[in-house]
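**Student:** Each chain, letter by letter, is given below.
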Amino acid sequence: MTTPTLRLIDVEKSFGPTAVIMGVSLDVTTGSRHAIIGPNGAGKTTLFNLVSGRFPLSAGRIELHGRRIDGLDPHEITRRGLSRSFQVTSIFSRMSVFENIRCGLLWSRGYRYSFWHLLGRERALNEAAERLLADVNLEARRDLPAGLLSYAEQRALEIGITIAGGADTVLLDEPTAGMSRSEADHAVALIRRITAGKTLVMVEHDMSVVFDLADVVTVLVYGQVIASGPPAEIRANRAVQDAYLGAPVETGIA
Amino acid sequence: MSESAVGTTAAPLAAGRAGGLLRRQWPWLATLAFALVVPWFFYDWTTGRHSGFVVAMLSQIGIMVIFALSYNMLMGQAGLLSFGHAVLLGLGGYITAHAITASKAGTLPLPLEVTPLVGGLGGLFFAIVLGYFATKQRATAFAMITLGIGELITACALMFQTFFGGEGGVSTNRMTGHSLFGLGYGGSIQVYYLIVAWTAISIALMLLLTRTPLGRMANACRDNFERAQFVGYDPRLVRFFQFALSGFFAGIAGALYTLTYEIVTYDTVAASMSANALLMTYIGGVGVFAGPVIGAVLIVLLQSWVSLLSNSWLVYAGVLFILMVTFAPGGIGGLVMIHQPIWRARRLGRLAGPYLRLLVPALLVVVGFVLVVELCSFLTIGAAQGKSFTLSRVTIEPHTPLPWAVAAVLLVGGGLWLRHAAGRFALAWHAVVDEIKAAGMRA
Amino acid sequence: MEVLLVSLLNGLVYGMLLFMLASGLTLIFSMMGVLNFAHASMYMLGAYFAYSVSRVIGFWPALVVAPALCGVLGALIEMYALRRVHRNGHIAELLFTVGLAFIIEKATQMAWGLLPVPYRVPPVLDRALFHVYGSNFHAYRAFMLLISVLMFVAIWLLLTRTRIGLVIQAALTHPEMVGALGHNVPRVFTIVFAGGSTLAGLAGVIGGNYLVTEPSMAATMGPIVFVVVVFGGLGSLAGCFIASLIMGLVQTFAVVLDVSFADLLARLGVTISPTTPLAEVLTIPLPRVGALLPYLMLILVLLIKPRGLMGTRDT
Numbered sequence: 001m002t003t004p005t006l007r008l009i010d011v012e013k014s015f016g017p018t019a020v021i022m023g024v025s026l027d028v029t030t031g032s033r034h035a036i037i038g039p040n041g042a043g044k045t046t047l048f049n050l051v052s053g054r055f056p057l058s059a060g061r062i063e064l065h066g067r068r069i070d071g072l073d074p075h076e077i078t079r080r081g082l083s084r085s086f087q088v089t090s091i092f093s094r095m096s097v098f099e100n101i102r103c104g105l106l107w108s109r110g111y112r113y114s115f116w117h118l119l120g121r122e123r124a125l126n127e128a129a130e131r132l133l134a135d136v137n138l139e140a141r142r143d144l145p146a147g148l149l150s151y152a153e154q155r156a157l158e159i160g161i162t163i164a165g166g167a168d169t170v171l172l173d174e175p176t177a178g179m180s181r182s183e184a185d186h187a188v189a190l191i192r193r194i195t196a197g198k199t200l201v202m203v204e205h206d207m208s209v210v211f212d213l214a215d216v217v218t219v220l221v222y223g224q225v226i227a228s229g230p231p232a233e234i235r236a237n238r239a240v241q242d243a244y245l246g247a248p249v250e251t252g253i254a
Numbered sequence: 001m002s003e004s005a006v007g008t009t010a011a012p013l014a015a016g017r018a019g020g021l022l023r024r025q026w027p028w029l030a031t032l033a034f035a036l037v038v039p040w041f042f043y044d045w046t047t048g049r050h051s052g053f054v055v056a057m058l059s060q061i062g063i064m065v066i067f068a069l070s071y072n073m074l075m076g077q078a079g080l081l082s083f084g085h086a087v088l089l090g091l092g093g094y095i096t097a098h099a100i101t102a103s104k105a106g107t108l109p110l111p112l113e114v115t116p117l118v119g120g121l122g123g124l125f126f127a128i129v130l131g132y133f134a135t136k137q138r139a140t141a142f143a144m145i146t147l148g149i150g151e152l153i154t155a156c157a158l159m160f161q162t163f164f165g166g167e168g169g170v171s172t173n174r175m176t177g178h179s180l181f182g183l184g185y186g187g188s189i190q191v192y193y194l195i196v197a198w199t200a201i202s203i204a205l206m207l208l209l210t211r212t213p214l215g216r217m218a219n220a221c222r223d224n225f226e227r228a229q230f231v232g233y234d235p236r237l238v239r240f241f242q243f244a245l246s247g248f249f250a251g252i253a254g255a256l257y258t259l260t261y262e263i264v265t266y267d268t269v270a271a272s273m274s275a276n277a278l279l280m281t282y283i284g285g286v287g288v289f290a291g292p293v294i295g296a297v298l299i300v301l302l303q304s305w306v307s308l309l310s311n312s313w314l315v316y317a318g319v320l321f322i323l324m325v326t327f328a329p330g331g332i333g334g335l336v337m338i339h340q341p342i343w344r345a346r347r348l349g350r351l352a353g354p355y356l357r358l359l360v361p362a363l364l365v366v367v368g369f370v371l372v373v374e375l376c377s378f379l380t381i382g383a384a385q386g387k388s389f390t391l392s393r394v395t396i397e398p399h400t401p402l403p404w405a406v407a408a409v410l411l412v413g414g415g416l417w418l419r420h421a422a423g424r425f426a427l428a429w430h431a432v433v434d435e436i437k438a439a440g441m442r443a
Numbered sequence: 001m002e003v004l005l006v007s008l009l010n011g012l013v014y015g016m017l018l019f020m021l022a023s024g025l026t027l028i029f030s031m032m033g034v035l036n037f038a039h040a041s042m043y044m045l046g047a048y049f050a051y052s053v054s055r056v057i058g059f060w061p062a063l064v065v066a067p068a069l070c071g072v073l074g075a076l077i078e079m080y081a082l083r084r085v086h087r088n089g090h091i092a093e094l095l096f097t098v099g100l101a102f103i104i105e106k107a108t109q110m111a112w113g114l115l116p117v118p119y120r121v122p123p124v125l126d127r128a129l130f131h132v133y134g135s136n137f138h139a140y141r142a143f144m145l146l147i148s149v150l151m152f153v154a155i156w157l158l159l160t161r162t163r164i165g166l167v168i169q170a171a172l173t174h175p176e177m178v179g180a181l182g183h184n185v186p187r188v189f190t191i192v193f194a195g196g197s198t199l200a201g202l203a204g205v206i207g208g209n210y211l212v213t214e215p216s217m218a219a220t221m222g223p224i225v226f227v228v229v230v231f232g233g234l235g236s237l238a239g240c241f242i243a244s245l246i247m248g249l250v251q252t253f254a255v256v257l258d259v260s261f262a263d264l265l266a267r268l269g270v271t272i273s274p275t276t277p278l279a280e281v282l283t284i285p286l287p288r289v290g291a292l293l294p295y296l297m298l299i300l301v302l303l304i305k306p307r308g309l310m311g312t313r314d315t
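Chains A, B and C, in that order, give the protein sequences. Under the working numbering, the very last position in the first sequence is 254; numbers go up by exactly one each time. Under the working numbering, the very last position in the second sequence is 443; numbers go up by exactly one each time. Under the working numbering, the very last position in the third sequence is 315; numbers go up by exactly one each time.
There could be a bad hint or two in this list.
Facing chain C, from chain B, some residues (calculated, C-beta under 10 Å) [stated by the list, open to error]:
1. F83
2. A141
3. F142
4. M144
5. L147
6. E151
7. M324
8. L351
9. L379
Pulled from the structure, derived: some chain B residues nowhere near chain A, Cβ distances all over 12 Å [claimed, not checked]:
10. H50
11. L205
12. L214
13. G215
14. A220
15. V231
16. L237
17. L245
18. L348
19. P354
20. V367
21. V412
22. V432
Taking CB as the label site, the calculated pair distances span [claimed, not checked]:
23. L148/A to V72/C: 52 to 60 Å
24. E226/B to A139/C: 52 to 60 Å
25. Y132/B to S114/A: 45 to 53 Å
26. G120/A to P27/B: 42 to 50 Å
27. R163/C to I436/B: 46 to 54 Å
28. A124/A to A438/B: 35 to 43 Å
29. D267/B to P274/C: 25 to 33 Å
30. L303/C to A422/B: 43 to 51 Å
31. G41/A to L356/B: 58 to 66 Å
Everything labelled a hint here was simulated from the structure, so no lab data went into it. Virtual Cβ for every residue (Gly too), placed ideally from N, Cα, C.
For reference, chain A alone in the conformation it holds in the complex (with noise of 0.2 Å):
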């Protein structure tokens, strides 16, 4: 019997009059790889604004790990080990890539606000931040500022930075957004093998991304959630066909 990892229960969320979140309850399990897809407006971004702490619930509760998250910071959400990726690329663009990783990996190793400590002297720390380089391909780039990489290349940093804490519990919202197919494959591929062992929830638009990596698609529409499931049990059913999907001949996906 394992406890789901994170919990969403009841959850509300309202800017002003406008209700965005209606009441939703989600539970994503241990190691589970759960996509979260539904048109555009529906609140799939915001709902990842609630989870990592960047707004406050309207009403509700969130659990990680079996502790209430709702109301915290967003840094101490991280503490505890939920890290998040943006749709909107978020990196430190003046700094190198390699220091974006290694600022990523900072707090993990217990450096916190040091002022005494050299970086350039951290083997540990600097062989961690190389290795975690490697993994995203971005050896090439190590030293050129973030800012001036190519799209893709923001992206696969972006999602390095989001893993290099070490988080268990790793939120990706539309990571392959923006990319063309090969691109998209790649990402994938990166993001299957770096996020082994962890519990992985997304935010996708692309179906073949989707369907390729989730064990469990939970749809949202309008602030609520119509259907849960596995991917298969989701294509079939009509609800999200007449929502979202479209009928089985159109989608077409193998």
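Given chain A, work out where chains B and C should sit, using these hints.
**Tutor:** Just chains B and C now, kept in the frame of chain A:
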């Protein structure tokens, strides 16, 4: 750096490391050597005395270098714009003044060489207290809070006698009789060498700080504070620690100020001093570590020389500042850095001609502008002070139309020519850059 | 009692003057994100232009010409300088306005000298309008009140009844959206900047002879206006109005009430002697601290309620 034939493996390794240090940091070491030697270029061998003017100017440079670098810890490294940084310099200065007086009286025997540390700790203390509030906010709100704090402390310095000495300030005598090296510090040259020592220490420490976790996370919070949160850091605490440490170094600068001038008044905490830090750091360049050093040297030199010749030194500084903000936000350091790839590709010579062709119209515009400013200045302020506008024994009369006409021609004509030359220069620049890119791609 | 009523009236007049200044700054700050340090410099230029112009053609034409000059200057600055600096980010824009304020102050010193200039109230208004409890209510103050109210009505009509006014209102709270909807945002920015400068100039024209016209008047007035803008909150002219009045009243009463913290403690039975620690701080009378109140308020607002009274956005 001796290499002994008989030695353990540690000796060659240490020698190698020292050699590496020399190779990498030779600009700093060369500057240090220069700083040690330069007063002697102006030494009057007949009277056996140093040039008071030169030593005073050099001491000022040392103090301002530390001050500007500490300011850049906030501005360039953490992305924090502070309008009240002088508060930390001044409060460090006031505390040092009291400490020196106590040392002289015997209640607190403190070697004079150590007093900058007292100033530093004072600056650190006040930076912690004030920074606790200021760093609760970021960006514009932070800037406004520092503005308010600066004005409040300035007003306190004017009003209160006990700590601040009111309008008269706090005077002290640096000849306390306590010294690690048995020096009297009566003459300004001894104080200058003390300043050089502390400047070198401060530069080294601030440089090392940029390579620590806190230093890097300060950069990260500057670039993207949300991302910093999502790698586990509280940006507020990063700001707070960075602010506190910058106060430490500002306090050291304040202590050296007290040692040099033996008096601290309200204008060491006032907005004009904070503006000075902003000016030096920005013009020197916020994106390069050595930028503020360049800015401090430049501004102090200009201030010392131009103010001998003209009342309007501040106007020129202001115009330089605005030009930098508009056209070269990276400052002088930034301008140097954009030439780096061209220099590495050995094509810098190609720009020599275009630069020369730019220089002539630029000079005309500068002369025209200076002429206008000086004419205006002598028309109103100078007239009130009874001075006349003389240029190497030629008196220029601001009430006649001729000088104004000359100035107008220089400004307008030179300006149009400059615009044309700038366009041609941009073409030459882009040609060189495109060539380098193409070569890079082929290689 | 008479002190109260007179101070109330004076505070209102001063508050309306502040509103004239702060409303322009709120509009500029809310729409363009630029905290214009040179705004108070326009106030100063308005006073100086009015002084010079009124010596040639009289006060009444100067009332129109001087603000117009400020408006033109504002438009030129926005079009040819600020727009360029905008590319370099918010901090660069802020620093540009800081440098501009500095240069304007120095230029003013060079053009008109270091000492205050004798910019006087026009003789026709230089008398008492009516008597209140033995003191005179000066006619010029009534004139100032009249101009401020007229200006307030004019702004209100402009913003609510004209098309450009509606665009400005929208851009106050959602500047990016307004651009996305296809409005010529750069032109709106120029209009707002020029308009704000005109208002500041007008405030200078009527305030410069009421207060004093000297090169440091921008540096003195500037922080007070910042406090009002922050206190009232971004994106809200109504908040700005209330904050201006509160500020005007606070500053006026602070000068009038000659009490100190020590007096307050004495009422509670605590006596302060010269040897009490911090005696110096506690015995300072309020009028001396009066100049500090804006800064204190600025800090407190930013720490406690950064959105201000009625702000819709963060600074």
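**Student:** Are the hints correct? Go through all of them and say.
**Tutor:** These are the hints, each one checked on the structure:
The beta carbon of F83/B comes within 8 Å of a beta carbon in chain C, closer than 10 Å, and the hint placing it at the interface holds. The interface hint given for A141/B is met, as the beta carbon of that residue sits about 5 Å from the closest beta carbon of chain C, less than 10 Å. Checking F142/B against chain C by beta carbon gives a least distance of about 8 Å; that is within 10 Å, so the hint holds. The interface hint given for M144/B is met, as the beta carbon of that residue sits about 6 Å from the closest beta carbon of chain C, less than 10 Å.
About 7 Å separates the beta-carbon of L147/B from the nearest beta-carbon of chain C, less than 10 Å, and the hint is met. A hinted interface residue such as E151/B counts as satisfied when its beta carbon comes closer than 10 Å to some beta carbon of chain C; here the least separation is about 5 Å, so the hint holds. With a least beta-carbon distance of about 9 Å to chain C, the hint placing M324/B at the interface is held under the 10 Å criterion. Interface restraint check for L351/B: the shortest CB-CB distance to chain C comes to about 23 Å, outside 10 Å, so the restraint is violated.
The restraint placing L379/B at the interface with chain C holds, with a minimum CB-CB distance near 8 Å, inside the 10 Å limit. Remark: the non-interface label on H50/B is consistent with the geometry, its nearest Cβ contact in chain A lying 38 Å away (cut-off 12 Å). For L205/B, the condition that its CB be more than 12 Å from all CB atoms of chain A is violated, with the nearest at approximately 10 Å. Once the 12 Å rule is applied to beta carbons, L214/B is inconsistent with being away from chain A; the minimum gap is 4 Å.
With a least CB separation of 7 Å from chain A, G215/B falls inside the 12 Å interface cut-off, contrary to its annotation. At roughly 5 Å, the least C-beta separation between A220/B and chain A is not larger than 12 Å, which violates its mark as non-interface. Annotated as non-interface, V231/B brings its C-beta within 12 Å of a C-beta of chain A; the closest such distance is 5 Å. Its closest Cβ contact with chain A, about 6 Å, brings L237/B to no more than 12 Å, contrary to its assignment away from the interface.
Look at L245/B: its CB is around 7 Å from the nearest CB on chain A, not clear of 12 Å, so calling it non-interface is violated. The beta carbon of L348/B sits about 22 Å from the closest Cβ of chain A, which is more than 12 Å, so the claim that it is off the interface holds. Every beta carbon of chain A lies more than 12 Å from that of P354/B, the smallest distance being close to 26 Å; the non-interface claim holds. No beta-carbon of chain A is positioned within 12 Å of the beta-carbon of V367/B; the least distance is around 38 Å.
Under the 12 Å C-beta cut-off, the non-interface status given to V412/B relative to chain A holds; the minimum distance is some 40 Å. Against chain A, the non-interface label of V432/B holds: every CB pair exceeds 12 Å, the least being about 20 Å. Look at L148/A against V72/C: about 42 Å separates their beta carbons, and that is not inside 52 to 60 Å. Separation of E226/B from A139/C is about 57 Å and conforms to the stated range, judged on CB atoms against 52 to 60 Å.
Between Y132/B and S114/A the Cβ separation comes to about 20 Å, which falls outside the hinted range of 45 to 53 Å. A C-beta distance of roughly 19 Å is found between G120/A and P27/B, which places it outside the suggested range of 42 to 50 Å. With their beta carbons about 51 Å apart, R163/C and I436/B fall inside the hinted range of 46 to 54 Å. The hinted window of 35 to 43 Å between A124/A and A438/B holds, with their beta carbons roughly 42 Å apart.
The hinted range of 25 to 33 Å is satisfied by D267/B and P274/C, whose Cβ atoms lie roughly 28 Å apart. Checking the proposed 43 to 51 Å range against L303/C and A422/B shows it holds: the Cβ atoms sit about 46 Å from each other. As the Cβ distance of G41/A to L356/B is approximately 60 Å, the hint placing it in 58 to 66 Å holds.
Checked against the numbered hints given earlier, the structure breaks hints 8, 11, 12, 13, 14, 15, 16, 17, 23, 25 and 26 and satisfies all the rest.
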